[in-house]
Each structure stands twice: as C-alpha cells, then as structure tokens.
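Chains as they are written, first to last, in my numbering: chain A, 6 to 330; chain B, 6 to 330; chain C, 6 to 330.
Treat the hints with care, as some may be off.
The list makes no distinction among identical chains, and a pair is therefore deemed to hold if it is satisfied within one copy or across any two copies.
Unchecked claim - Mimicking DSS-like on lysine-lysine, the simulated pairs with C-alpha atoms at most 27 Å apart in a straight line are:
#1 K132 with K42
#2 K18 with K170
#3 K215 with K170
#4 K192 with K132
#5 K18 with K132
#6 K215 with K51
#7 K132 with K170
#8 K170 with K192
#9 K192 with K215
#10 K18 with K51
#11 K42 with K18
#12 K42 with K170
Bear in mind the hints are in silico, worked out from the structure with no lab data behind them.
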Amino acid sequence: MIQELDPRMSRRKDLLDIESLTRDELLFLLDTARPFKELFTRSVKKVPALRGKTVLNLFFEPSTRTRASFEIAAKRLSADVTNLSIAQSSVVKGESILDTIETMQSMKVDYMVVRHSASGVPAFVAKHTPAAVINAGDGHHAHPTQALLDTFTMQEAVGDLRGRKVLIVGDILHSRVCRSVSTAAHKLGMEVGVFAPATLIPNGRPDYMKVFTDFGAALAWQPDFVYLLRLQLERQAAHFFPSLREYHNIFGLTRERFQICSDQGMYIMHPGPVNRGVELVDEVLTYARCLINQQVENGIAARMAVLYWLQPATTVLPMEEDAIA
Amino acid sequence: MIQELDPRMSRRKDLLDIESLTRDELLFLLDTARPFKELFTRSVKKVPALRGKTVLNLFFEPSTRTRASFEIAAKRLSADVTNLSIAQSSVVKGESILDTIETMQSMKVDYMVVRHSASGVPAFVAKHTPAAVINAGDGHHAHPTQALLDTFTMQEAVGDLRGRKVLIVGDILHSRVCRSVSTAAHKLGMEVGVFAPATLIPNGRPDYMKVFTDFGAALAWQPDFVYLLRLQLERQAAHFFPSLREYHNIFGLTRERFQICSDQGMYIMHPGPVNRGVELVDEVLTYARCLINQQVENGIAARMAVLYWLQPATTVLPMEEDAIA
Amino acid sequence: MIQELDPRMSRRKDLLDIESLTRDELLFLLDTARPFKELFTRSVKKVPALRGKTVLNLFFEPSTRTRASFEIAAKRLSADVTNLSIAQSSVVKGESILDTIETMQSMKVDYMVVRHSASGVPAFVAKHTPAAVINAGDGHHAHPTQALLDTFTMQEAVGDLRGRKVLIVGDILHSRVCRSVSTAAHKLGMEVGVFAPATLIPNGRPDYMKVFTDFGAALAWQPDFVYLLRLQLERQAAHFFPSLREYHNIFGLTRERFQICSDQGMYIMHPGPVNRGVELVDEVLTYARCLINQQVENGIAARMAVLYWLQPATTVLPMEEDAIA
Numbered sequence: 006m007i008q009e010l011d012p013r014m015s016r017r018k019d020l021l022d023i024e025s026l027t028r029d030e031l032l033f034l035l036d037t038a039r040p041f042k043e044l045f046t047r048s049v050k051k052v053p054a055l056r057g058k059t060v061l062n063l064f065f066e067p068s069t070r071t072r073a074s075f076e077i078a079a080k081r082l083s084a085d086v087t088n089l090s091i092a093q094s095s096v097v098k099g100e101s102i103l104d105t106i107e108t109m110q111s112m113k114v115d116y117m118v119v120r121h122s123a124s125g126v127p128a129f130v131a132k133h134t135p136a137a138v139i140n141a142g143d144g145h146h147a148h149p150t151q152a153l154l155d156t157f158t159m160q161e162a163v164g165d166l167r168g169r170k171v172l173i174v175g176d177i178l179h180s181r182v183c184r185s186v187s188t189a190a191h192k193l194g195m196e197v198g199v200f201a202p203a204t205l206i207p208n209g210r211p212d213y214m215k216v217f218t219d220f221g222a223a224l225a226w227q228p229d230f231v232y233l234l235r236l237q238l239e240r241q242a243a244h245f246f247p248s249l250r251e252y253h254n255i256f257g258l259t260r261e262r263f264q265i266c267s268d269q270g271m272y273i274m275h276p277g278p279v280n281r282g283v284e285l286v287d288e289v290l291t292y293a294r295c296l297i298n299q300q301v302e303n304g305i306a307a308r309m310a311v312l313y314w315l316q317p318a319t320t321v322l323p324m325e326e327d328a329i330a
Numbered sequence: 006m007i008q009e010l011d012p013r014m015s016r017r018k019d020l021l022d023i024e025s026l027t028r029d030e031l032l033f034l035l036d037t038a039r040p041f042k043e044l045f046t047r048s049v050k051k052v053p054a055l056r057g058k059t060v061l062n063l064f065f066e067p068s069t070r071t072r073a074s075f076e077i078a079a080k081r082l083s084a085d086v087t088n089l090s091i092a093q094s095s096v097v098k099g100e101s102i103l104d105t106i107e108t109m110q111s112m113k114v115d116y117m118v119v120r121h122s123a124s125g126v127p128a129f130v131a132k133h134t135p136a137a138v139i140n141a142g143d144g145h146h147a148h149p150t151q152a153l154l155d156t157f158t159m160q161e162a163v164g165d166l167r168g169r170k171v172l173i174v175g176d177i178l179h180s181r182v183c184r185s186v187s188t189a190a191h192k193l194g195m196e197v198g199v200f201a202p203a204t205l206i207p208n209g210r211p212d213y214m215k216v217f218t219d220f221g222a223a224l225a226w227q228p229d230f231v232y233l234l235r236l237q238l239e240r241q242a243a244h245f246f247p248s249l250r251e252y253h254n255i256f257g258l259t260r261e262r263f264q265i266c267s268d269q270g271m272y273i274m275h276p277g278p279v280n281r282g283v284e285l286v287d288e289v290l291t292y293a294r295c296l297i298n299q300q301v302e303n304g305i306a307a308r309m310a311v312l313y314w315l316q317p318a319t320t321v322l323p324m325e326e327d328a329i330a
Numbered sequence: 006m007i008q009e010l011d012p013r014m015s016r017r018k019d020l021l022d023i024e025s026l027t028r029d030e031l032l033f034l035l036d037t038a039r040p041f042k043e044l045f046t047r048s049v050k051k052v053p054a055l056r057g058k059t060v061l062n063l064f065f066e067p068s069t070r071t072r073a074s075f076e077i078a079a080k081r082l083s084a085d086v087t088n089l090s091i092a093q094s095s096v097v098k099g100e101s102i103l104d105t106i107e108t109m110q111s112m113k114v115d116y117m118v119v120r121h122s123a124s125g126v127p128a129f130v131a132k133h134t135p136a137a138v139i140n141a142g143d144g145h146h147a148h149p150t151q152a153l154l155d156t157f158t159m160q161e162a163v164g165d166l167r168g169r170k171v172l173i174v175g176d177i178l179h180s181r182v183c184r185s186v187s188t189a190a191h192k193l194g195m196e197v198g199v200f201a202p203a204t205l206i207p208n209g210r211p212d213y214m215k216v217f218t219d220f221g222a223a224l225a226w227q228p229d230f231v232y233l234l235r236l237q238l239e240r241q242a243a244h245f246f247p248s249l250r251e252y253h254n255i256f257g258l259t260r261e262r263f264q265i266c267s268d269q270g271m272y273i274m275h276p277g278p279v280n281r282g283v284e285l286v287d288e289v290l291t292y293a294r295c296l297i298n299q300q301v302e303n304g305i306a307a308r309m310a311v312l313y314w315l316q317p318a319t320t321v322l323p324m325e326e327d328a329i330a
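Only chain A is shown next, with the shape it has when bound in the complex (with noise of 0.2 Å):
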C-alpha cells in the first residue's frame, strides 16, 4: 500500500518553511499522505518504515497536541520516539541552544522535530546537525506541517486546490500558521484573501494576498475555505486585543457569519485548540462542512509523509546480516 517513493522526487534533509518547497513537492507530499490516512482505518495501523531510527521531539515551547501528532507519527512509522519538553528558562541559564543540540545529535538521533518560540531555531538546529530536522512551529515564522496537513484536508474535500479561495480570518501579523498556510495555498494554485483590522495585516505581504478588513466584504468574495486562526490567548492578555468578547464580535465566526458560510456551503477550518465562543460559535462544530476534526487526523498521516520523504544526512553503512546478536 505504501509505495516505494517517486524516484524523480529527490529527498531533503530538513522541512523548515512551505516556501523552499516546489510545488511538485508539494503535491507529493500530499501523495504520500494519502496511503498513510488508509493505514488508519486497518487493523494495524503501522509499517515499519523507520524501525531503528530514533525520532526526537524537542520542544522548547509546550504543545501537548503538535507533540501527541508528531508522537504518534513517528511510532506509526515503527520508529523509537524520545521526548524532551525542555523549559527555555534553563536553556537561557546555562547553555546554549547550540549545545543543547550537539548533545541531542552526540546521541544519534535520524530526526529531531524542533518547537521554539524564536523564529529560526530549527533552522539553526538544521545546519548544525546531520539528523533530519523538522520544523513544528517556530514564532511568528513558519508551521510547515499544518500547511500540509490542512492543504490536505482541503484536497479531501473538493479535490483539485487550483482556483478555489481561501480566507485566513484573525491576527494575520503574527501568525506562523497564516504564512505557512497562505503560501502552501498560493503553490497550489488557490487564491488567498485574508480578513484583519489594518494594524494586524502585515507590511511585506505577498502581492497575491487580497486583504480584506471587513468581514461581511471577505464572504461575499466567496471563498471555498474559511480558515480562523486561533486567538493566542497570552497575546490577548498582553493588550493586543481588546476583550474576548470584543475579539468574537470583530474576528469570530458569529451565528450570523456562520448562516452566510453554510448558506453557501463554505468549508470551515481552525488549526485547534478552539477557543468556544471566541473565534467561532459552538454550533459550528456539529456543521457537516466543518473541518476540523479532519485537521487532527491528517496531521498525522502529513507528518508520517514528511518522516518517511525526509532523508537525515547521517551516513549509513548497510545493514550486516549478522549485526543483530
């Protein structure tokens, strides 16, 4: 079922942005996630793919459901799976990122998954290790697993992504999801609009960005997919935002902008956790078109893919026949 890979498709060392991808890759990545979402639903949900590689999760920043995905992924793939929740206060204290991770690498680990809340961590953990490095959210700057899995699960839903629309609602500026999503988006061939009051929306945008700062204008344009972003909650405590309440009156998905989508058979997305009554009223959850539930299960058969194309730059010797004792 799972078929060897596309021997015209060469394999990366590292995942870091949706931007170094082609879109080639791109879309082979959601060919080779496909195989793995049909695993799920057998008796044994496993191949062992990567038996003997040791993936290590390592998150400076908490996550108890990107960890649980990436966990399960790489489990799933028969892989040895190590977590490390290391708290950034004591890397701060008395050694640096960079020591940290030659440790981790001392150890021979094929495959570190870094979360930081500083943009470029992983990017530096790429360069400094031979393991494969995938990036599992580094601040303002890229989320590349969600934008695979979420391109996926629009690909489910309607097939061919080329000329469909999708609206990224919320705090566009800084949102690492928004700018991987958006370009996975734009690759495919979608257009991309965006709804945020003008102090959210970011500078240097892409030209291809439609931005709207109405939200009634932003439906009205049609689009196929409404994607909210998730209110980061320490940001809204921050000032950023004025209240939760006013945040659901100006971003969130109201009863009243949820007749319009479903009126219209609009698809609804959200990168989870949600926030009930913030970005989106609860009955969206129980509408047929909502997507969310499949985000969480594509994102492990989108991190399986990732696992299994990645290529650590580790040399290996073939396996001797009497190694094993």
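Fit chains B and C to the known structure of chain A by using the hints.
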C-alpha cells in the same frame, strides 16, 4: 499460553464501572488475567496481541503509579503508548473536554485510558469516541480495574470467593475504590462489610453492605480480608478528618488491631500508596498475609486482560499483505 | 556484530559504583561498548537483545540528558522503557523510597535506572529488588556509567590507558563524577591528578591521587586529559563559591590555560552540560581534541553495554513456543 478469547463471551467497547459487568464477565476477566501474570515469570514478558494499536493514557488527574501500570500493561501487549497529562486548568481555560477527546479521537487511537477528578467523564468520553475507553478512576464514582486486580488478588489467596468476607475500612462515602471493590466482591458472592464513622457512611448504600461503626465489632465479624482505603491527604487538609494521629486511632490498623488480624489469619489489602503510620503501622507491610505488593503486580495482569478483551468500535479492514512498505 | 558475552566473565546484578568492578570487568565493559557504538553508523540502530524486558527510569532528581541517554540506550536494545520522574517532596510526604521501590518491583520491571540526590539510594534499592539496578548518579557518591563512558572516550583517543595522565579540575570534594572517573582511571593504570583549592580537596582521598593547588603546576604535570567538572550552579547560589567570574578565574579553562593545553595537545573533557564562560571559554568547544561530544555519544554505547551485561535476579522460565497469542 494466552488462550483465544472464549467465543461465548462477547466483547464490550468500554470498561466504565463494575456495575455493568455480569458475574460471568467478571470471572472471565479474572481467568484472562491469570496467564498474563504467568507471562511475567518468563524472559520475554510480551505478547503481540495489540501490535499496531495505539493506547492513549489521558490523565486529567496526576497519578504516577496507575499511569505506569497501564503503560507497562499496554507495552507488554505490544501496543504503542502515548501519555498525555493534561492539567485541568488548561482544559477549563479554552478547550472543553469534548474538544480534547475529539482531537485525540481524530488521531485514531484505539484505546483511551481516562482518569479525571469529576465523576462521569470516562462515560462521557466513551459516548463520543469509537475508541475503547477504560475508566482509570473518576471522582467518587468508580475505579473498575482496581476492583478487578483486588478480586484477582483475593482469588489467588483463597480460591473461590463465594461466602468469603471482605471488610472495607475508611472514608466509604467518598471512595471510588470502595464502590468498585464492594460491587465486584458482591457479584462474586462475597459478604461485604464496611467500617466508617456514621458521618462517612453513604445513605443510598446497597442492602448487601453490612455497616459497622466500631472497628472492634467489625473485626469480630471475622472478615477474610481487611481492605484499608487510602486517606486522601488533600481531604484531610480540608478538615474532613481530624489530625493524622486521630485518623490512625479511628480508622488505622493500629498495633492492637493488627494483632487481632494476624491472630485470625486475615489478609490485609490497600490500594496504595500507603501512608505509613496513618492507615496502618509499619509491621503490617512485612506480614505474610499482607497482599499490597501482589495487588500492584496483579494490576498489570488485570489491565492486560481488560485491554485484551475490549473491542474498539473503529471500523477495521483486514490487513492487506502488501500494506507494509 | 554484537558478540556473545565472554563466558568467563560472570554477570552481576547491579552497577552501583566503580569500586566494586574488577579491572577485567571494566575492560570487558569497554570492549562491549565498542560494537554498540559501531551500530550507530548503521541504518537500523537496534538489536533485539532486551526484547520483552522492561526498563524503568526512576529519577528522583531531574536530568533531561542522562534520562534521555538511558532511554535511547534501552530502546536500541529493544527494551520497553517507562519513565518515572518522582518529585522528592512527594516521596517524603506519604511514601518512603522503599514503598516506591516495592511498588515498582511489583510491576516486574527487569532493570531500574535510579538517580537520587542522596548517596546510597541506588544501593538500598538494589538490596530490595531482584531487578538489575544501575546507579545513574547518587548524591556525592558515584556515577559509574559516566566513568565508563569517559574512560571509553579516553581509550578511543589514545588506546591503552596505562601510564596516561588525567587531571580533574573543580569541586573535587563534592563530585560524584570525580569519584567515579578517578577510580576507573586508576584501575585502568592511569595516573590521576586533581586541581582544586585546598578547602575542596577531600581528606580521605586515595593515596594515588596527586593533588595540585595551582592550575599552572597542574598543567606543567603534562596530563594527557584535562577533565573539567561541571559547576553545580545551585552550589554557587549557596555561596560555596565566589562569583561565576571568580570561579572562571580560579577553576576555568581561560584563554591562557587553554593555550597551554592546545600547545601540548592535551584532550579536554567535561561531563556536560557546559556552563560556557565558567568552566571553559567558548573556543575550547571547537578544538579538535575537545572530546565533549564524543562523551555524549559514548554514553549511549556504554549504557547499552551495562544493560547488556547485567543480569536481573528475577527467576525466568524458558520461553515457551506457544506463549505468544
């Protein structure tokens, strides 16, 4: 060694409490635990029964020991295990339990082991997921695997439990352990007595439960098993009980009471971990008929039996031969 | 590749310190680590030696790195690993260490890796469990796997260690690393020197230990290896040491002292993680004869050798063919 499941014993999706099990199912689970326990005397303590299955330990209430017991049980069945310890505060903050469950379900886990401080959460989870759900303790409600391991341990000590007597001592009113153990004991034909001060005896208790309000009278009843409940120190802190010293004097197995137990050859049990000098004096722990360590060992075997027996409702296709890359 | 254990080398149940190992056993463990290290250059970094065995990482003192090293080592031997991080406060509260051990032993784990801030705890554990116990660091007492990986690393650098010199620098008095490394080095025929201020030199030190109270004189002794102990920052906080700056001036490998080391081709070692600018200046880390990363890599191999060699005292019956369901 691990026999096929008895074809006449249909499988259930969830284990939420003892009440919903028939006597035959209870006996069947105890019979199934036995060969798993024998497995622990072997060099390779592992069977492939759950290979390719994912077990999620979803603990909303911290518990090192119970979590470790389920983790080891699942790994000895060759399942892949992912631990999620979720602080209840974070659930309260922005994400309902249902959303958490749906997220985890979307990852297509096969089994969810759920502990929560609120009664009914595992049942709620079970309704919303095709995964098999095991209640690992919910509020004051139930702790069914504890009751299984306890009655398994009693069986090992004396064989057939019919007509045997168990005395449960402590805060009967608030104990999920008491509720599950007493129900299982009753279903297996035992006489059940409880000792607690009048204020901690539940009003709606079952008719079969014999109530003692004097420890001496309870021991004169000549139970085969004296089951000491654990004092929940946090309840003590909330002044439900007087001082630890006074708790020991009222509920504890003091030197004098222990003398009576050992003179009569009574077995001593406790769900662990013991508060030494509170529920019992130290010498109990070296008493030949103290079963506390057997209870822990049997916890693994009983939990393996439960995992082996339950049947997730997920649709599974037969494994294709060529599914393995 | 992984050879059979030398039949003339009888196996031990525990590894608690270096003192109790014979020179032959030490050399045997170093020889055994070598093929495990070669394994890391292969595609499948795994052997089935400990399949079906359970390894428990029982850490009463937090240590991300050492825990990860043991976890990866055990998984590369195909063991199942369960991590338990037990806050010492919770142990103190209601449960003695012995009760914790008995609980874990009742789960029939085969190996316990124990770290504790109090000297003697792993030995105490070893007496009370048939599981094989590995001391992963206890108080000021011992850290034997550190000594194994260190002498293994020295062997890789220079071959036979007889007649070679190692200089250990830092808080000799309170260092379990120093105690274990110096003992191993001596058993392997090395000369051992230490540099520390007079107040941090132990009174009951062994005769073979050459004491320097001047760093310059210590380097003039021309050691092959300069081994920098890690400053325990919490000790610094307790004012055992003056400021970090002053520590660096007294104990640190300053630019000037490093110049002497590199001119003479001395190897630099450190148990990690390094406090940059405290025990050493940054340029040491890129020095060709800085062995710090090799030490980490060799930690996995050395711990695999120990797990492979030790023999739990649990009674095991031969595996029956029909034991697998």
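Would you pick out the hints that fail for this structure and give their numbers low to high? Hints 2, 6, 7 not satisfied by this model.
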